[in-house]
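Chains A and B, in that order, give the protein sequences.
Residues in the first sequence are numbered from 1 upward in steps of one, following this note's numbering.
Residues in the second sequence are numbered from 1 upward in steps of one, following this note's numbering.
Don't read these hints as lab results, they were simulated from the structure.
None of the values given here were measured: they were computed from a predicted structure.
Keep in mind that the hints are not guaranteed to be accurate.
[What the hints assert, rightly or not] Listed next, the in silico EDC-like pairs over lysine to aspartate or glutamate satisfying Cα-Cα at most 20 Å (straight line):
#1 K55/B to D158/A
#2 K167/A to E321/A
#3 K331/A to D142/A
#4 K55/B to E117/B
#5 K328/A to D204/B
#6 K134/A to E165/A
#7 K206/B to E39/A
#8 K162/A to E117/B
#9 K55/B to E153/A
#10 K63/A to D204/B
#11 K304/A to E289/A
#12 K219/A to E154/A
#13 K219/A to E165/A
#14 K195/B to E165/A
#15 K55/B to E154/A
#16 K195/B to D235/A
#17 K24/B to E161/B
#18 K232/B to E160/B
#19 K47/A to D204/B
#20 K195/B to E127/A
[To be verified] Away from chain B, derived, C-beta distances all over 10 Å, residues of chain A:
#21 F4
#22 I52
#23 L68
#24 L311
[Unchecked claim] With the C-beta cut set under 8 Å, the calculated list includes, among others, these residues of chain A facing chain B:
#25 A18
#26 L25
#27 V30
#28 Q234
#29 V345
Where is the CB? At the ideal position from N, CA and C, for every residue including glycine.
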Amino acid sequence: MKRFSDRLYDALRSVKLAAVLIILLTLMAVVGGIVPQGEAHAFYLQKFPGAIAKTIILLGLGKIFSSLPFLILSALFTVNLTVCSFHRIFSEMQKPRKARRHGPDLLHIGLIIFIFGGILTARTRSEAFIYLGKGQAARLPDGSRITMVDLVEERYPDGRPKSWESKVVLDEGSMTSSSASSGDDFDTLGTTGYMDEGSVSVAQASTDTLPANSLRTVKVNSPLRHKGFTIYQQDWSSDMQVILQDAMGIRLNLEPGARAQMQGGFVLYMSLEKNPPTVTGSEECSNYEATFLIDTGGNRKTRKARKGEVLGPFTFVGFNEKPVSGLKIVKDKGYPFVIAGLFLVVLGTFLTYIRKLKGMIA
Amino acid sequence: MIATISFVLLLASLALQAIYLFRKDGAKDPISPWLSLGASGLLLAEIIRRSVIIKFIALTGMFESLVFLACLTAFLVFALRYYRRAREGGGRAIAFGATAMAVVFIALASSPLAPAEIQPPVPALQSGWLILHVSFTFIGEVFFAAGFVSAILQLAAKDEEKRRNFDRLAYTSIAIGYPIFTAGALVFGAVWAEKAWGVWWSWDPKETWALITWLTYTAYLHFRLARKNTSKVMPILVIAGFLVAMFTFFGVNFLLSGLHSYA
Numbered sequence: 001m002k003r004f005s006d007r008l009y010d011a012l013r014s015v016k017l018a019a020v021l022i023i024l025l026t027l028m029a030v031v032g033g034i035v036p037q038g039e040a041h042a043f044y045l046q047k048f049p050g051a052i053a054k055t056i057i058l059l060g061l062g063k064i065f066s067s068l069p070f071l072i073l074s075a076l077f078t079v080n081l082t083v084c085s086f087h088r089i090f091s092e093m094q095k096p097r098k099a100r101r102h103g104p105d106l107l108h109i110g111l112i113i114f115i116f117g118g119i120l121t122a123r124t125r126s127e128a129f130i131y132l133g134k135g136q137a138a139r140l141p142d143g144s145r146i147t148m149v150d151l152v153e154e155r156y157p158d159g160r161p162k163s164w165e166s167k168v169v170l171d172e173g174s175m176t177s178s179s180a181s182s183g184d185d186f187d188t189l190g191t192t193g194y195m196d197e198g199s200v201s202v203a204q205a206s207t208d209t210l211p212a213n214s215l216r217t218v219k220v221n222s223p224l225r226h227k228g229f230t231i232y233q234q235d236w237s238s239d240m241q242v243i244l245q246d247a248m249g250i251r252l253n254l255e256p257g258a259r260a261q262m263q264g265g266f267v268l269y270m271s272l273e274k275n276p277p278t279v280t281g282s283e284e285c286s287n288y289e290a291t292f293l294i295d296t297g298g299n300r301k302t303r304k305a306r307k308g309e310v311l312g313p314f315t316f317v318g319f320n321e322k323p324v325s326g327l328k329i330v331k332d333k334g335y336p337f338v339i340a341g342l343f344l345v346v347l348g349t350f351l352t353y354i355r356k357l358k359g360m361i362a
Numbered sequence: 001m002i003a004t005i006s007f008v009l010l011l012a013s014l015a016l017q018a019i020y021l022f023r024k025d026g027a028k029d030p031i032s033p034w035l036s037l038g039a040s041g042l043l044l045a046e047i048i049r050r051s052v053i054i055k056f057i058a059l060t061g062m063f064e065s066l067v068f069l070a071c072l073t074a075f076l077v078f079a080l081r082y083y084r085r086a087r088e089g090g091g092r093a094i095a096f097g098a099t100a101m102a103v104v105f106i107a108l109a110s111s112p113l114a115p116a117e118i119q120p121p122v123p124a125l126q127s128g129w130l131i132l133h134v135s136f137t138f139i140g141e142v143f144f145a146a147g148f149v150s151a152i153l154q155l156a157a158k159d160e161e162k163r164r165n166f167d168r169l170a171y172t173s174i175a176i177g178y179p180i181f182t183a184g185a186l187v188f189g190a191v192w193a194e195k196a197w198g199v200w201w202s203w204d205p206k207e208t209w210a211l212i213t214w215l216t217y218t219a220y221l222h223f224r225l226a227r228k229n230t231s232k233v234m235p236i237l238v239i240a241g242f243l244v245a246m247f248t249f250f251g252v253n254f255l256l257s258g259l260h261s262y263a
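Isolated chain A (complex conformation) (with noise of 0.2 Å):
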């Protein structure tokens, strides 16, 4: 009679294993693929009646993809697919050489490998989101600096986007600001850029001291990789300035959060709203409407502002589009395991069948 341990080790590399996990894991993947993963429980209540809502809920359907159940079928699916390839190679080294197979090894090697980056993927992976406009820079986490020197546009004739590029210029300098404003005396450092997490900060910087022979593209489909970080274009907005006149005729492009210095306090321009169209129907820009925050002496109020109307000192002339260029940042150690295990898959797969492919005119 067998040892325990021989049966566990027949059992674990046995197909018939396999083939059950198999199954198990692809009906996990079908309520998976039925039920939409990662919304908040209001949803399901929503979208689903009462008792499937509820089900949902209390089995952790909509994490399936993380739930211990799909983690531990898995993990047993990893144990059988090693001890398998283990002893699937030491098996094939005994025979003669051309007699070897070596196609399911590769193909069993590179799973393995595949899912080492797979999770070496959910356990480092970061990623972090900005928005740059012309002219303004970004500290990465490395300490380096992205700079935005250009956004190029092109659109097809029937208005659908057909390129985004962004030109930036990668290196160590420092993030002192530099006021992109025509008007000296007023502060309009912008923080235009969000995150997801982490440390990535937005300033102004000037592009006149960069080296013309940095300028690097990054293109929707064209990352750029720069130390272990790749900097993917992932969207094209932009940012609606106020432009203020003073008395002197002296323009000043304000974006959102930026100020305009007056005698003892400041209009801070806040945020644009799109009003119902006017009686005429017009789309122009008569029909925004800005608010602003108006400091007189430490007295602050807010103010809704159209196009034309004055603002103590200023007058609010009229608007000034920026287009901005939303980068994602992101950090996966686990994508060259992944790659390098789905090399192997391939290989392994043809490999194996390309005995069919040989057979199959005949």
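On the provided structure of chain A, position chain B as indicated by the hints.
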């Protein structure tokens, strides 16, 4: 226009095949494979025409995907005549089923579900990985389609020899389609997703259902390895795999929302 002519050619091929399928003298059908090849060529020409207009490989929308799938399926019908095992038994029925599928794909392409408007690709679709992802996935699925028809015939067959023959044909189809589908749907898809979205896997419904398709065929291949007989589990898994593949292609687009809204 080209799609319509292809549709007519495939219908004619289908009608001829139906006649020869029920003839008892076993006479060869000399015309229908060539009609299918003609339809396939015309559909390929349509893809090339659209590609020239948009200056990119025209595989970026539902209409183009269906035309490409029909083109490949029609070509498979022609290629089957050169496959010995198919010639020897069951090949005609498989060719008939595959032609019927190609007809359905073109009919769907002509429906309002798949707008035929020629549009150049938005930035996210301008990638060589997209071409590899889509073409390999569909080539794999065409073999799955052949496996699907074989599996149905296997279940319907009454004598053991026919069952075995259809089982072999189904296995051969899956064994060829599986590596191609693995490379296209999962590997090239993951590489493209990483380049375009910055994440190689996001449990998007299309990704999840492509994985389910792959797992179903993986289960089939392992079951076959474990049980070398022609039990009904095998053809049922092959049929389920193809139905899941088609749900991944059509159903997900219309029933589930996700990142693959254009495909």
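Quiz item: Out of the numbered hints, which ones does the structure contradict?
Solution: none
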